[in-house]
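Number of protein chains: 4
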Amino acid sequence: MATRLNSVPIKTLIEVDPFVPADQQQGVHNRWHPDIPAVATVKPGEVFKVQCVDWTGAQIGNNDTSDDIRDVDLSKVHNLSGPVAVEGAEPGDCLVVDILDVAPFDKMPWGYTGIFELTNGGGLFAQEFQSRAAKAIWDFHGVYATSRHIPGVRFAGVSHPGLIGTAPSQELLDTWNKREKELIDAHPGAVPPVAFPPQAQGAYVGQNIPETVREKIYAEGARTIPGREHGGNCDIKNLSRGSRCYFPVFIKGANLSVGDLHFSQGDGEMSFCGAIEMAGIITFSCSIIKGGVEKLGLKQPIFLPSPVDPLYSSKIIFEGISVDYHGDGKQYNMDATVAYKQAALNAIAYLQKLGYTRQQAYLLLSAAPVESHVGAIVDSPNACVTLALPLGIFEDDILPKATDPVLPFKDRGECALRSDGVREES
Amino acid sequence: MATRLNSVPIKTLIEVDPFVPADQQQGVHNRWHPDIPAVATVKPGEVFKVQCVDWTGAQIGNNDTSDDIRDVDLSKVHNLSGPVAVEGAEPGDCLVVDILDVAPFDKMPWGYTGIFELTNGGGLFAQEFQSRAAKAIWDFHGVYATSRHIPGVRFAGVSHPGLIGTAPSQELLDTWNKREKELIDAHPGAVPPVAFPPQAQGAYVGQNIPETVREKIYAEGARTIPGREHGGNCDIKNLSRGSRCYFPVFIKGANLSVGDLHFSQGDGEMSFCGAIEMAGIITFSCSIIKGGVEKLGLKQPIFLPSPVDPLYSSKIIFEGISVDYHGDGKQYNMDATVAYKQAALNAIAYLQKLGYTRQQAYLLLSAAPVESHVGAIVDSPNACVTLALPLGIFEDDILPKATDPVLPFKDRGECALRSDGVREES
Amino acid sequence: MATRLNSVPIKTLIEVDPFVPADQQQGVHNRWHPDIPAVATVKPGEVFKVQCVDWTGAQIGNNDTSDDIRDVDLSKVHNLSGPVAVEGAEPGDCLVVDILDVAPFDKMPWGYTGIFELTNGGGLFAQEFQSRAAKAIWDFHGVYATSRHIPGVRFAGVSHPGLIGTAPSQELLDTWNKREKELIDAHPGAVPPVAFPPQAQGAYVGQNIPETVREKIYAEGARTIPGREHGGNCDIKNLSRGSRCYFPVFIKGANLSVGDLHFSQGDGEMSFCGAIEMAGIITFSCSIIKGGVEKLGLKQPIFLPSPVDPLYSSKIIFEGISVDYHGDGKQYNMDATVAYKQAALNAIAYLQKLGYTRQQAYLLLSAAPVESHVGAIVDSPNACVTLALPLGIFEDDILPKATDPVLPFKDRGECALRSDGVREES
Amino acid sequence: MATRLNSVPIKTLIEVDPFVPADQQQGVHNRWHPDIPAVATVKPGEVFKVQCVDWTGAQIGNNDTSDDIRDVDLSKVHNLSGPVAVEGAEPGDCLVVDILDVAPFDKMPWGYTGIFELTNGGGLFAQEFQSRAAKAIWDFHGVYATSRHIPGVRFAGVSHPGLIGTAPSQELLDTWNKREKELIDAHPGAVPPVAFPPQAQGAYVGQNIPETVREKIYAEGARTIPGREHGGNCDIKNLSRGSRCYFPVFIKGANLSVGDLHFSQGDGEMSFCGAIEMAGIITFSCSIIKGGVEKLGLKQPIFLPSPVDPLYSSKIIFEGISVDYHGDGKQYNMDATVAYKQAALNAIAYLQKLGYTRQQAYLLLSAAPVESHVGAIVDSPNACVTLALPLGIFEDDILPKATDPVLPFKDRGECALRSDGVREES
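Chains as they are written, first to last, in the numbering used here: chain A, 5 to 430; chain B, 5 to 430; chain C, 5 to 430; chain D, 5 to 430.
With the rest of the complex left out, here is chain A (with noise of 0.2 Å):
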């Protein structure tokens, strides 16, 4: 009995029905603008809820083929919540985020992981791999997932937004546009595009508003593929549920916006849809510090991380130096990413001897808890990067032997693929 007084859930400021396409759904939009109006305000202190659609905003389902990531229309992505105005932000000033708790929907406990055909999405590895469509789908029970896709695997998700960010000024949005351009126009033709220019077809902005104000966001409203100096699609997987935030205000109010959850993701989600994307609940509470920008000297988010991240402190690590050796030999200068794409590859490599087919390998380092660190950037020619895979997370012992068999290699069954027989070559 005594327990109902002052029994008070945290509200929910923004609800949505992740079952419903999100083009149907009020409180979410998919550009960025200072045009956008605010749909809630909260006061700084609050703890308040967010509902998210998952990016696609319910393109994806729970079955065993890739068709609809092959066939996902890209123009709708990503469906973020939002915006969310905190009383007193002004410009200048900083906005400090507590991500409180990121969690999936009871009634869809689950979510996916894909590779994106290379005429339609990409990823790190759509040339080399000449990509189709793959998948897998990942179950959640509690704070572990499992694929019947990728079998042997169970690990803890740092779940996290992929997606978070205060509203740009016009003047920042212009300077966006601009950039942005001037490197499209630079590569033209280039598959899959270098960027995203702004696009009417397939904006949505879920609220009534004047038309004319509807029509300049979506001529002028930037596309959410990439992060920027207000965070937007960092895809950082610490910026997880228990980490502290700190955003630059460019507009009054902030205007903070969220989507694309994932329940787990590694360091530099390389297959573009590499992070176990769902759609869930987010948990916040927000406050100011004044002047931030210039005290702070900030010019794109900082934060401060989880103390409950998972920890797997054993872990078996790849070494990448920017030479293409898995491809043509060819020296690059001091190219991380090129680095990066090799340390994925010698991983990749290391889990086709265990017995994952190379999808399946792509699809485990993109969602699991994998670390990617910057070795060394300073000797030239060769940056050198890392990639980590905790040993944690295998059923098997992956470790190296001394003895025949070296690596426990199994047949580890196949991820999810197209229905109509079309396949990578490996």
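Each hint should be verified, as a subset may be incorrect.
Chain copies aren't distinguished; within one or between two, either way the pair holds.
Below, simulated BS3-like cross-link-like pairs (lysine-lysine); rule was C-alpha separation at most 25 Å, straight line [what the hints assert, rightly or not]:
| # | residue 1 | residue 2 |
| --- | --- | --- |
| 1 | Lys53 | Lys111 |
| 2 | Lys185 | Lys220 |
| 3 | Lys357 | Lys405 |
| 4 | Lys15 | Lys256 |
| 5 | Lys303 | Lys80 |
| 6 | Lys357 | Lys220 |
| 7 | Lys111 | Lys15 |
| 8 | Lys80 | Lys185 |
No lab work stands behind these hints, which were simulated from the structure alone. Note that this is a predicted model, so its numbers are computed, not measured.
Dock chains B, C and D against the given chain A, drawing on the hints supplied.
Frame of chain A, contents of chains B, C and D only:
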């Protein structure tokens, strides 16, 4: 009495004097070449020690100017101890190397971190900062380092060899020289140079060998600056005391060489001579996995990190994307190196708000146990890289406060600079 | 659309209402007895949820007095949900239980920590402090808890069931009752009592069972206060979400029961109701190792801790030895309990130097993720026990400074106390 | 050349020879007494080294029998190096001691762990096992230890001084002697004894001092076996290299003494000489907090653990309660020592299932980085204590498997035993 029996020190295979120029010492070489004879041979499982000079071979002093950094002769680096052959190792095998200990000489309990001149060594921000020589001396107090040139910090070292590797085969060496020459040819007149071709001047093999062999080694021997497929100068801080490493074997005996010991280093080692450089002693044991290159898919070393690496769980983390917003604002295409630079510049700006000079901040981020992760590398056009600064290394609480002062600004002095008063602009 | 298919929530086997007294609910019992029938049966590998009332069954309120603690009816605790039978489990097997999640009800986002009266519950320092009821209410904000009654701290919870176990066989139950009776008989009139014999008053089995069975259970059923060979009320904080536990099986079906959920707890749970007590939901899956009791030498549960337990690596650690130097100075003989008490009293004294009252300190050490190690237990006559307080849970930097003030003393208010003004002496 | 200048080794204040009996060496003492003069004085902030013999003073050899353990003369232990006075320290101050390093002598790269005879030293299970002497020799390979007497394990050491403390005042010394005498008097004829009164036989002060002073010290000096309010033989493994300790000061100068260095130890050090005992070198610096005893509420030392303590995050954890179910089944009243013993016996039983003998298991749990937590200490009548065994120290995967064999049983040899063939019963 009872204790004397069976008290047998671990044997030292290579002895050096850290106070004597490297090119006057035996068992030291500074080029990679298959024809450099092994100076010692060990059995699998044997524990042994190797002494190393600092990477410059006694060129840098414990003083308060940076003149020695300015004038360093880089044709003579890095000075490696070895090679040590392992009985039974053959091309295609995997050499398992346990790095059992890494320690400074008792008689030289200090090290240094340097910013090199734009025209003599450079560093990650050589161009941006128009670098002039600067230096910090670090005193070693057991597991900790402190510096009179960067007050207010103390940290435990992740001690490791910056440079360790097996000898290349002639074929691999030829590949290196060919691909690096192509890069050099593509960047004529670059300052600092993009890569370093073989160069007889400054080359050294601390052994009596036939003159024709010496000439061949000097003419063809690969320079030691970059890491490559055999390991080499990877400057991976976690290849530290207590780690286990798996190297590919390219020639009979494997011929392991090591040098460039670091008391500590941050991920990236950004100021080039960014680690805390030291002379010292490394303890090894080796074993062999026959046919390991094929069985492990080993194109470059892999390793297991050490259980005694320092643990600083509380951190402040800076983000960076592949837009040069600290410079001309240019948008790069998925370039993790540019992203790393922005994260580093954000961290430097933060440290300056605490009262550190830009040079102090640059040196501190290079030397302290900073972690840099590749956050996301698929969100076109922006790669996202993070840089994490451990809070526990600072005397002050450096987290932002909501009330003024937001950060604890203090006069924190200056690092060692040129005695002629020439300074870089800040 | 695609997301609805195959979205199947994890099933809940036992549902309770946290606002209703436990003895009005089904699937709840508060004694251990082999004859309590299973209320549900699961297959090995199945994932399922069980809801639990708080340990008192809704006796304690979210308010600012401790009157409800003073008046609590302890004959009715602990209320356990279950038993759940596992198909195929037989005596002598090992039941493997994965604790996949532990979470509060959304509708009740708070918990409490209490000091019980000397004459009604007691606690570690009941005699020393002549305890009077006190209480702290904790609000749950995602992974964190804070309390208006103990300001200046915030910590991530190591959420776990305080009480979980398999059903005893009749033989084991008889052993328990016999040995505990002997202890009670040896300490006539002890306050608080040294142990609790079976007691029909307050006993409850939330099922329709034959009256003779009920009477037998009430007459013989073991009380739930102590942990025993089957698990039970071990109050081990690291038996937490993400852990895997191995229980001996004593009867067919194993008959697992669970309750007394804790949002957080310090090692020792010293104030008796020292954890942050909550109602909530636990997620399990179970499997069986046939003959595991013999094969593992399993006399009591063993477990593997969770990778998501909070990590606070910086700590201040207090020592204690088995001399009652906070009391009459008496020397005890290798008594780890006395040593633990001194360590705890040392920590309480330190917290008082920060401005916390003795009651606040006692409650905080009980509830926060404090670690207590048995340092040494062979140095006659003094056992040495340590108690480690994580620094990261405090808003202030609580380490000693060399300059005044050595510690940051503040007025830190008061916990909830008796409304009649009766207080313990401090 | 440049490196020689300002290369000043850290000074060594006390030098010993680890191969010579302690009572033939200077700067060594084996009783606690305020009148033992300081052998050196340091300034606050100064870094210095102190050499230590092993705790027995060279009585134990690197061989394959336990005869030296059987015959050890315990009247001569522990041999402490010191005292070292700190300028400015006065009674009531807090002495801050940084333990900067702890390392073995290069010339003696090994240590030992022993089970002592029931009638000569004992240990936690002296009575239960009717202990006979046994021993394991450990070889030090950099950060790791291995033993030919306990194969299949390798672990990084948490190196620390088992014994460190400030000198007692005469008043404190008198208190110790009084309370311990009372305990001895209450347990006449106990085997092993419950405590050790002052004893002139075997006492030693390695200095030239007036004979009357020497006699007083020998007559009154407290034995070194137990830890007390000044620190002393606390055998806390985390008082390790890199930790910072705060000691109460009882006499002018503080007079710090240290000895009983351990390469590694498990929580509890259960076999009495359970740590890996070694001779070696410890590096310190000290500072003072004036009036710190009062300002910190300091009744016994407090400390901050080291960031370089080994991290083994994966563990298997054994529970124990205060019922002697491994013995006569007796119920104890909230006795954490009994609970610790059950947890230890459960772990020993598990290790025996892997093929280790009981003595090997006992020695391993004493020496390896095992953690023991006080789980709960308020659930009358059962205290609950856990003992956590790190998985990463074993060559084999020792987790239970669902299929046979459940555990990897092997012949694992035997530890060093008595040459006369006398054995304890198992």
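Results of checking the hints against the structure:
no. : hint              : in the structure
1   : Lys53 <-> Lys111  : both (17 Å within a copy, 13 Å between copies)
2   : Lys185 <-> Lys220 : within (18 Å within a copy, 52 Å between copies)
3   : Lys357 <-> Lys405 : both (13 Å within a copy, 23 Å between copies)
4   : Lys15 <-> Lys256  : within (23 Å within a copy, 45 Å between copies)
5   : Lys303 <-> Lys80  : neither (29 Å within a copy, 40 Å between copies)
6   : Lys357 <-> Lys220 : neither (53 Å within a copy, 39 Å between copies)
7   : Lys111 <-> Lys15  : both (19 Å within a copy, 10 Å between copies)
8   : Lys80 <-> Lys185  : within (20 Å within a copy, 46 Å between copies)
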